[in-house]
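Trainee: Each chain, written out:
There are 6 protein chains.
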Amino acid sequence: MSERYRRGIDIVQRLSAGSLEEFLTSRVAEIAPDFARMAIEFPFGDLYARTELDFRDREIVAIAALATLGNAGRQLRMHVAAALKLGFDKAEVVEILMQSAVYGGFPAALNALADCHDLLAEGDSVACRRA
Amino acid sequence: MSERYRRGIDIVQRLSAGSLEEFLTSRVAEIAPDFARMAIEFPFGDLYARTELDFRDREIVAIAALATLGNAGRQLRMHVAAALKLGFDKAEVVEILMQSAVYGGFPAALNALADCHDLLAEGDSVACRRA
Amino acid sequence: MSERYRRGIDIVQRLSAGSLEEFLTSRVAEIAPDFARMAIEFPFGDLYARTELDFRDREIVAIAALATLGNAGRQLRMHVAAALKLGFDKAEVVEILMQSAVYGGFPAALNALADCHDLLAEGDSVACRRA
Amino acid sequence: MSERYRRGIDIVQRLSAGSLEEFLTSRVAEIAPDFARMAIEFPFGDLYARTELDFRDREIVAIAALATLGNAGRQLRMHVAAALKLGFDKAEVVEILMQSAVYGGFPAALNALADCHDLLAEGDSVACRRA
Amino acid sequence: MSERYRRGIDIVQRLSAGSLEEFLTSRVAEIAPDFARMAIEFPFGDLYARTELDFRDREIVAIAALATLGNAGRQLRMHVAAALKLGFDKAEVVEILMQSAVYGGFPAALNALADCHDLLAEGDSVACRRA
Amino acid sequence: MSERYRRGIDIVQRLSAGSLEEFLTSRVAEIAPDFARMAIEFPFGDLYARTELDFRDREIVAIAALATLGNAGRQLRMHVAAALKLGFDKAEVVEILMQSAVYGGFPAALNALADCHDLLAEGDSVACRRA
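Chains as they are written, first to last, in this note's numbering: chain A, 272 to 402; chain B, 272 to 402; chain C, 272 to 402; chain D, 272 to 402; chain E, 272 to 402; chain F, 272 to 402.
Bound conformation, chain A alone (with noise of 0.2 Å):
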């Protein structure tokens, strides 16, 4: 296990309830095992891992740019409850959505909104996926 693994599964577990780790070492990881592992050695091990960005400055970087890519709801939603675990407010959250469709459309803001749905409505939130 590389030491940059170690540092990406760490900051993984640190940001996520699971989910994200659990995404990452079982589907994927079952047909792509080495691509699970520089899934999380590149992103977390390399980048988060760096301090010239704090957590949750690179919780808003991933969220604007998943939420303006429009066809990947599966990441934005592990980073929405990642932001939601380190402390964003749901309306932050919202707003940076909102925000995005000044640079990607309406359409994948929408798309955004509804596929976060449950992670932000208020209440309790059981399961999010897809209206």
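Incorrect hints may appear among the rest.
[Said to hold, decoys possible] Simulated pairs of lysine to aspartate or glutamate, DMTMM-like, Cα-Cα distance not exceeding 20 Å:
hint	chain 1	residue 1	chain 2	residue 2
1	F	Lys361	D	Asp328
2	E	Lys356	A	Glu301
3	C	Lys361	C	Glu393
4	A	Lys361	E	Glu301
5	A	Lys361	B	Glu301
6	A	Lys361	A	Glu323
7	B	Lys361	D	Asp328
8	F	Lys356	F	Glu293
9	E	Lys361	F	Glu301
10	A	Lys361	E	Asp325
11	C	Lys361	B	Asp328
12	B	Lys361	D	Glu301
13	A	Lys361	B	Glu323
14	C	Lys356	B	Glu323
15	D	Lys356	F	Glu293
16	E	Lys361	A	Glu323
17	B	Lys361	C	Glu323
18	C	Lys361	E	Glu323
19	C	Lys361	B	Glu323
20	C	Lys361	E	Glu301
21	E	Lys361	A	Glu301
22	E	Lys361	F	Asp305
23	C	Lys356	C	Asp328
24	B	Lys361	B	Asp328
25	D	Lys361	F	Glu293
26	B	Lys356	C	Glu393
27	F	Lys356	D	Glu323
28	D	Lys361	A	Glu301
[Unchecked claim] A short, non-exhaustive set of chain E residues, derived as facing chain F with CB atoms under 10 Å:
hint	residue
29	Gly358
30	Val365
31	Glu366
32	Leu368
33	Gly376
34	Phe377
35	Pro378
36	Leu381
37	Asn382
38	Leu390
39	Ala392
40	Glu393
Derived from the structure by calculation, the hints contain no laboratory data. Heads up, the beta-carbon is just placed ideally off N, CA and C, and yes, glycines get one too.
Guided by the hints, dock chains B, C, D, E and F onto chain A, whose structure is given.
Mentor: Chains B, C, D, E and F only, in chain A's frame:
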């Protein structure tokens, strides 16, 4: 309620059988009511309300753009429904989706056609969802 | 020379003042003559030749799709020139580009407008290139 | 039936176990029969039929391009199935999808891997659909 | 002049040294004055004016989204200039662009860095344009 | 200097006549030296170094993906140069770019061909830049 919103909601109601308004005032509106409002004000209250293009031309713009994006099936179906309500032939809408393959590629166009299958099939179509 | 190519090149000539044909028969044609031929046969010989949509509607499709892509300034300018030749008002073309911001975002629409500035400015426009 | 179509459908049949042809002659064909025909004529009858690249290289092109798009899971699965039928190792296909992360980002590559999980898992895979 | 526009233009002036306003009131404004107005009203007058996110967070959203798009160098440079004026370290902006490679791929991130080279290089940077 | 970097830079040197290394060690490296290093480590040191695909197949992946993106002319030219150095015929590279039109649309493919005109033209080609 702003004049822009009033103007937008009036256009949305004329264009759709209610499905667009339904979407904009429900799931997204639940977590982002201000964005649901903006998604009526800017596209419909500001742009559709302008007389430089009529609704017919505007629906061609919407359908061509959404088919090219390739990941906005939900919005595409709404605008296809609006176009049919405005009097487009199904064959005209199919043709717009076909031509979008030139600019956005065959997969985007094939998926757009599959996404709107139930709206564009002959005979009645009770519901439209992804194959 | 296939019938599809003959039909396509005839349509291209009616649509453009020559610039599209020029492009398709020069730089790309030099290294990929078969593709230059296909780029006339499929979009124009196959699709534009169909009567389900008239040329006016087809230019709306092309301009909306190309503006949404955000990285096809060259093709966008050709179709804007074709639209103007077909009788579109400059204000109508501007409006199509404006509406594309809803679907593809403001940067794509702003760049589309800047890319076509010289074609859409009042007065004479000798040349059109990126700002 | 055009010569291009005949040539294309012959290639599609050699490449796939039928799933591609099935798709192109069913749901899309129902509402857009001419486009289903074109989707065989141009990609397969025109391009795949050319001898500048063999089918093996063409499937690498298709898989890399579709994984990079990030929203063409349906087409991606068809071409992955075709590649396996042509004799690609599962490990080679996984590697193509992994490398696509460099150009199209990690979310697109992760989703491509998840989309094709059942085709690429060891053992038998009866069906393949999104996780 | 609408209240939204007044509010937006005030924010634009505080954010930029003028370059954004310059752009929005010149080339695009010449052919599409209403769109130049809307491009201030909606992003700045509506969204930036909301207090759910501060300007610092909003610039992270803008830069991450624009770098991910990969074809909005002009807007990216404006927002990088705004971020530096707001007090971001060059190293922080570089880090946002680096992280965007995870979501949008290495080419988009490399081009974003090259596009903003002159703004992010140490020492003085008189002008910034594509390498 | 990490082992991954050493391995990556060695591969880059074998693949290119220096242009890729030049890029990665100059303009981008000036403002983001760590990213220039990562852009060698991950794509080349990690992925290209794996033996599941040979360099020939990997260049097909790179060229197909970059042509589909439509806004990565700089990286596309580097990989086209690498492919030619590896022994690809110009006609093979042209064919990859042609086939990418199926997935990413005609404008992306036409621009890819125009971007690489000088590399793919018969006779000598001293330099290659956008038309």
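Trainee: Hey, does the leucine 368 of chain E contact hint survive, CB to chain F under 10 Å?
Mentor: 7 Å, holds
Trainee: Holds or violated: lysine 361 of chain B and glutamate 323 of chain C, Cα atoms, limit 20 Å.
Mentor: 10 Å, holds
Trainee: Run the distance test for lysine 361 of chain A versus glutamate 301 of chain B: straight-line Cα separation, threshold 20 Å.
Mentor: 12 Å, holds
Trainee: Tell me if valine 365 of chain E is really an interface residue toward chain F, meaning its C-beta lies closer than 10 Å to one of theirs.
Mentor: 5 Å, holds
Trainee: Does the alpha-carbon distance linking lysine 361 of chain E and glutamate 301 of chain A stay inside the 20 Å limit?
Mentor: Roughly 40 Å separates the two Cα atoms, so the pair is violated.
Trainee: Just to be careful, I want the Cα atoms of lysine 356 of chain E and glutamate 301 of chain A compared with a cutoff of 20 Å; is the pair within it?
Mentor: Not satisfied, since the Cα-Cα distance of roughly 47 Å exceeds 20 Å.
Trainee: So if I understand the rule, the pair passes when the alpha-carbon distance is 20 Å or less; does lysine 361 of chain E with glutamate 301 of chain F pass?
Mentor: 12 Å, holds
Trainee: Compare the distance between the alpha carbons of lysine 361 of chain D and glutamate 293 of chain F with 20 Å, and conclude whether the hinted pair is satisfied.
Mentor: This hinted pair is violated, its Cα atoms lying about 35 Å apart.
Trainee: Between lysine 361 of chain A and glutamate 301 of chain E, is the straight-line Cα distance small enough, at 20 Å or below?
Mentor: Not OK: lysine 361 of chain A and glutamate 301 of chain E at ~40 Å, beyond 20 Å, violated.
Trainee: For the pair we were handed, lysine 361 of chain C and aspartate 328 of chain B, check the Cα-Cα distance against 20 Å.
Mentor: 15 Å, holds
Trainee: With the threshold set at 20 Å, check whether the alpha-carbon distance from lysine 361 of chain B to aspartate 328 of chain D stays at or below it.
Mentor: Not OK: lysine 361 of chain B and aspartate 328 of chain D at ~39 Å, beyond 20 Å, violated.
Trainee: Would you mind confirming whether the straight-line C-alpha gap from lysine 361 of chain C to glutamate 323 of chain B stays at or under 20 Å?
Mentor: 10 Å, holds
Against the hints set out earlier in the document, violations occur for numbers 2, 4, 6, 7, 13, 15, 18, 21, 25, 26 and 29.
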